[in-house]
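> As a plain string of letters, each chain reads:
Protein chains: 2
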Amino acid sequence: MRVVITGAGGFVGSALLQRLATSGRLSPNTPQISELVAVDSVVSGGPEGAVILEGDIRDASVQQRIAEKPCDVIFHLAAVPGGAAARDYDLGWSVNVEATAALFAAVAAQDNPARLVFSSSIGVFGVPLPKDRVDDATLPLPTMSYGAQKLMMEILLADYARRGLIDGIAVRLPGIIARPRQPGGHLSAYMSDILHALAAGEKFTCPVSRTAASWFMSRRRCVDNLVHAATASAEALGDRRCFNLPALHLTMDELVEGVVEHFGPSVRDLVDYAPDATLEAQFGAYPPIETAIADAAGFVHDGAAADLVSRALDLESTKTANTGAVA
Amino acid sequence: MRVVITGAGGFVGSALLQRLATSGRLSPNTPQISELVAVDSVVSGGPEGAVILEGDIRDASVQQRIAEKPCDVIFHLAAVPGGAAARDYDLGWSVNVEATAALFAAVAAQDNPARLVFSSSIGVFGVPLPKDRVDDATLPLPTMSYGAQKLMMEILLADYARRGLIDGIAVRLPGIIARPRQPGGHLSAYMSDILHALAAGEKFTCPVSRTAASWFMSRRRCVDNLVHAATASAEALGDRRCFNLPALHLTMDELVEGVVEHFGPSVRDLVDYAPDATLEAQFGAYPPIETAIADAAGFVHDGAAADLVSRALDLESTKTANTGAVA
Numbered sequence: 444m445r446v447v448i449t450g451a452g453g454f455v456g457s458a459l460l461q462r463l464a465t466s467g468r469l470s471p472n473t474p475q476i477s478e479l480v481a482v483d484s485v486v487s488g489g490p491e492g493a494v495i496l497e498g499d500i501r502d503a504s505v506q507q508r509i510a511e512k513p514c515d516v517i518f519h520l521a522a523v524p525g526g527a528a529a530r531d532y533d534l535g536w537s538v539n540v541e542a543t544a545a546l547f548a549a550v551a552a553q554d555n556p557a558r559l560v561f562s563s564s565i566g567v568f569g570v571p572l573p574k575d576r577v578d579d580a581t582l583p584l585p586t587m588s589y590g591a592q593k594l595m596m597e598i599l600l601a602d603y604a605r606r607g608l609i610d611g612i613a614v615r616l617p618g619i620i621a622r623p624r625q626p627g628g629h630l631s632a633y634m635s636d637i638l639h640a641l642a643a644g645e646k647f648t649c650p651v652s653r654t655a656a657s658w659f660m661s662r663r664r665c666v667d668n669l670v671h672a673a674t675a676s677a678e679a680l681g682d683r684r685c686f687n688l689p690a691l692h693l694t695m696d697e698l699v700e701g702v703v704e705h706f707g708p709s710v711r712d713l714v715d716y717a718p719d720a721t722l723e724a725q726f727g728a729y730p731p732i733e734t735a736i737a738d739a740a741g742f743v744h745d746g747a748a749a750d751l752v753s754r755a756l757d758l759e760s761t762k763t764a765n766t767g768a769v770a
Numbered sequence: 444m445r446v447v448i449t450g451a452g453g454f455v456g457s458a459l460l461q462r463l464a465t466s467g468r469l470s471p472n473t474p475q476i477s478e479l480v481a482v483d484s485v486v487s488g489g490p491e492g493a494v495i496l497e498g499d500i501r502d503a504s505v506q507q508r509i510a511e512k513p514c515d516v517i518f519h520l521a522a523v524p525g526g527a528a529a530r531d532y533d534l535g536w537s538v539n540v541e542a543t544a545a546l547f548a549a550v551a552a553q554d555n556p557a558r559l560v561f562s563s564s565i566g567v568f569g570v571p572l573p574k575d576r577v578d579d580a581t582l583p584l585p586t587m588s589y590g591a592q593k594l595m596m597e598i599l600l601a602d603y604a605r606r607g608l609i610d611g612i613a614v615r616l617p618g619i620i621a622r623p624r625q626p627g628g629h630l631s632a633y634m635s636d637i638l639h640a641l642a643a644g645e646k647f648t649c650p651v652s653r654t655a656a657s658w659f660m661s662r663r664r665c666v667d668n669l670v671h672a673a674t675a676s677a678e679a680l681g682d683r684r685c686f687n688l689p690a691l692h693l694t695m696d697e698l699v700e701g702v703v704e705h706f707g708p709s710v711r712d713l714v715d716y717a718p719d720a721t722l723e724a725q726f727g728a729y730p731p732i733e734t735a736i737a738d739a740a741g742f743v744h745d746g747a748a749a750d751l752v753s754r755a756l757d758l759e760s761t762k763t764a765n766t767g768a769v770a
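Residue numbers (our numbering), protein chains in the order written: chain H, 444 to 770; chain E, 444 to 770.
Derived from the structure by calculation, the hints contain no laboratory data.
By construction, the Cβ of each residue, glycine as well, lies at the ideal position given by its N, Cα and C atoms.
Some hints could be false.
[Unchecked claim] Some but not every residue of chain E turned toward chain H, in silico, with C-beta under 7 Å:
#1 591
#2 607
#3 608
[Said to hold, decoys possible] Now the stretches of chain H that chain E is said to cover, found in silico as 3 or more residues with beta-carbon under 8 Å:
#4 570-582
#5 595-603
[Unchecked claim] Just some of the chain H residues that point at chain E, by a computed CB distance under 10 Å:
#6 540
#7 587
#8 647
#9 683
#10 692
#11 694
#12 712
#13 716
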């Protein structure tokens with residue numbers, strides 16, 4: 444079984460790469476991975492046994508090496524994220540659309556359709572979001588180029604799937620935490636930074652209000668779900684191949700309470716709130732999310748705030764038991 | 444005022460070209476058209492005064508000539524239609540996506556945002572359609588590559604509009620009638636052929652059932668709406684720049700009754716029905732359509748079956764009065 448990960452040097456990709464290199468297979472029921480190809484501009488600390496393919500996903504030579512042998516599973520995670528895609532439109536377009544469409548075309552050309560897992564984003568929904576809820580029937584109306592680009596590629600992937608050329612699935616990821624504290628293209632960095640700060644006993648000024656509600660998923664749970672997307676049967680997935688993943692819907696207060704369960708009540712005093720209007724509007728007004736399609740297909744969220752925090756910070760154990768379908 | 448029409452040799456484009464060449468302006472309230480550029484591979488019988496630009500919309504030189512001077516209004520109608528885009532995927536992709544995206548980029552680069560009217564399609568909705576109705580909140584789930592491609596370009600155009608680089612508007616056209624009786628890429632040719640046959644007193648075997656319900660618009664009314672899209676104020680249009688146009692929701696029986704009003708009851712005996720399962724599923728199960736956004740912005744359908752038939756066949760007068768906002 445040949446497995447390819449693009450964006451393998453990224454926050455989610457590196458964790459997925461590590462997981463697959465360690466286990467040697469996608470799930471107990473799937474064959475051994477014979478070749479694990481990790482694609483990114485830089486794949487630092489790539490695990491032993493993986494084929495590291497460093498280069499620009501936009502380069503024909505890189506695309507060619509990805510497709511030089513048939514893929515059984517390809518995780519296409521490489522992307523220019525929201526903030527960066529807004530600052531440099533051409534860069535975002537070339538990676539998020541042109542290189543992605545080229546990759547789909549290359550994968551579609553192989554004889555047996557590959558399972559292609561595409562990391563889309565809740566950024567396909569613009570702001571303001573519907574006030575009552577988001578569900579599988581919610582019309583995506585992007586208000587960022589990043590979201591528009593992800594949505595276009597969802598549609599293209601669904602068309603390839605309908606034509607039987609790619610066994611494609613696009614999962615819309617919510618905010619994945621906890622990203623390392625470093626400058627990045629992500630406007631939602633504060634969702635991760637608050638956890639790192641509180642875990643380190645540092646004060647944190649939150650740029651959204653304490654009642655700002657967002658959708659969260661830990662990186663570990665995200666990797667669980669990506670692997671599930673790669674292994675779920677066509678019957679379990681059904682016809683809609685682009686959908687929202689389950690996510691925890693939490694206010695910042697509720698997230699902080701999840702930290703309290705691990706680090707004690709004193710962390711409450713470390714947080715003060717100085718809402719930024721733009722961030723509040725972009726990330727702080729998420730309604731409840733209903734994910735019937737993903738639920739039926741066996742995808743799961745983190746269960747509870749404390750579990751989210753535990754997985755997000757790679758704490759040794761979770762406080763509460765939570766055994767989801769893909770746990 | 445410089446106005447460009449791509450697809451100007453096509454069924455809708457040629458009528459739009461003729462309309463604008465004759466009137467010399469988009470509406471009584473807009474300036475004289477100083478240059479009217481008609482782009483297509485062939486523009487036969489192009490009216491005097493128009494600049495005929497024959498070539499392939501995919502050629503950089505053609506794109507360059509379109510954008511060599513700033514456009515005030517551009518109608519982008521050039522497309523590979525549904526049946527043809529399914530038969531030749533690469534052709535559809537290159538015209539419906541690549542050339543369209545290149546055109547958008549060229550138009551976006553001019554200093555003052557041009558009003559760009561993009562003819563999208565109800566093909567963005569796959570089949571089966573929702574049973575109760577389609578409205579502005581209906582999630583498009585294309586089941587033809589043509590619809591997927593139109594939808595992707597809607598999303599791209601909306602993103603350019605949001606960024607303030609193109610004053611874009613995408614209107615989803617229903618079945619436009621009455622196309623000339625000739626082989627074409629349109630699977631829905633029967634919607635037009637039945638009118639030509641009955642008007643000529645010929646028998647017609649209808650490939651969908653008498654109760655097959657579809658959405659219809661006459662070519663003349665379509666041109667009315669395209670011109671309205673080019674001239675409506677930003678205030679009238681609002682934020683949602685991609686939407687469904689009003690259309691008459693008629694069964695084939697009701698359409699035939701529209702013909703009866705012009706040609707008498709004997710035409711009923713000319714029709715027999717031999718439904719084709721594929722056509723019936725693709726075109727014959729359209730629910731009512733509610734178009735609140737388009738209605739508010741002043742777009743209109745044909746009013747009644749007899750008016751539809753009259754405009755579709757270019758009969759001299761309509762049987763019933765119907766003065767819509769753009770009539």
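> Each hint: holds or not?
Hint-by-hint comparison with the structure:
Below 7 Å, beta-carbon pairs count as interface contacts, and residue 591/E has one with chain H at about 4 Å; its hint therefore holds. Of the supplied interface hints, the one on residue 607/E is violated, with its beta-carbon coming no nearer than about 12 Å to a beta-carbon of chain H, more than 7 Å. With 7 Å as the threshold, the beta carbon of residue 608/E stays out of range of chain H, its nearest partner Cβ sitting at about 9 Å, so the hint is violated. Check on the region 570-582 of chain H: 3 of its residues sit with their Cβ under 8 Å from a Cβ of chain E, so the three-residue criterion for coverage holds.
Three residues within the 8 Å Cβ limit are the bar, and the region 595-603 of chain H against chain E gives 5, so the coverage statement holds. The criterion of a C-beta within 10 Å of any C-beta in chain E is met by residue 540/H, whose closest approach is roughly 8 Å, and the hint holds. With a least beta-carbon distance of about 8 Å to chain E, the hint placing residue 587/H at the interface is held under the 10 Å criterion. Interface restraint check: residue 647/H against chain E, minimum CB-CB distance 33 Å, threshold 10 Å, status violated.
Evaluation of the residue 683/H hint against chain E yields a held restraint, the C-beta minimum of about 7 Å falling below 10 Å. At a threshold of 10 Å, the smallest CB-CB gap from residue 692/H to chain E is about 21 Å, leaving the interface hint violated. At about 27 Å, the closest approach between the beta carbon of residue 694/H and any beta carbon in chain E exceeds 10 Å, and the interface hint on this residue is violated. The interface hint given for residue 712/H is violated, since its Cβ lies 41 Å from the closest Cβ of chain E, which is over the 10 Å cut-off.
The closest approach between the C-beta of residue 716/H and any C-beta of chain E is roughly 30 Å, which is over the 10 Å cut-off, so the hint fails.
In summary, the numbered hints that this structure violates are 2, 3, 8, 10, 11, 12 and 13.
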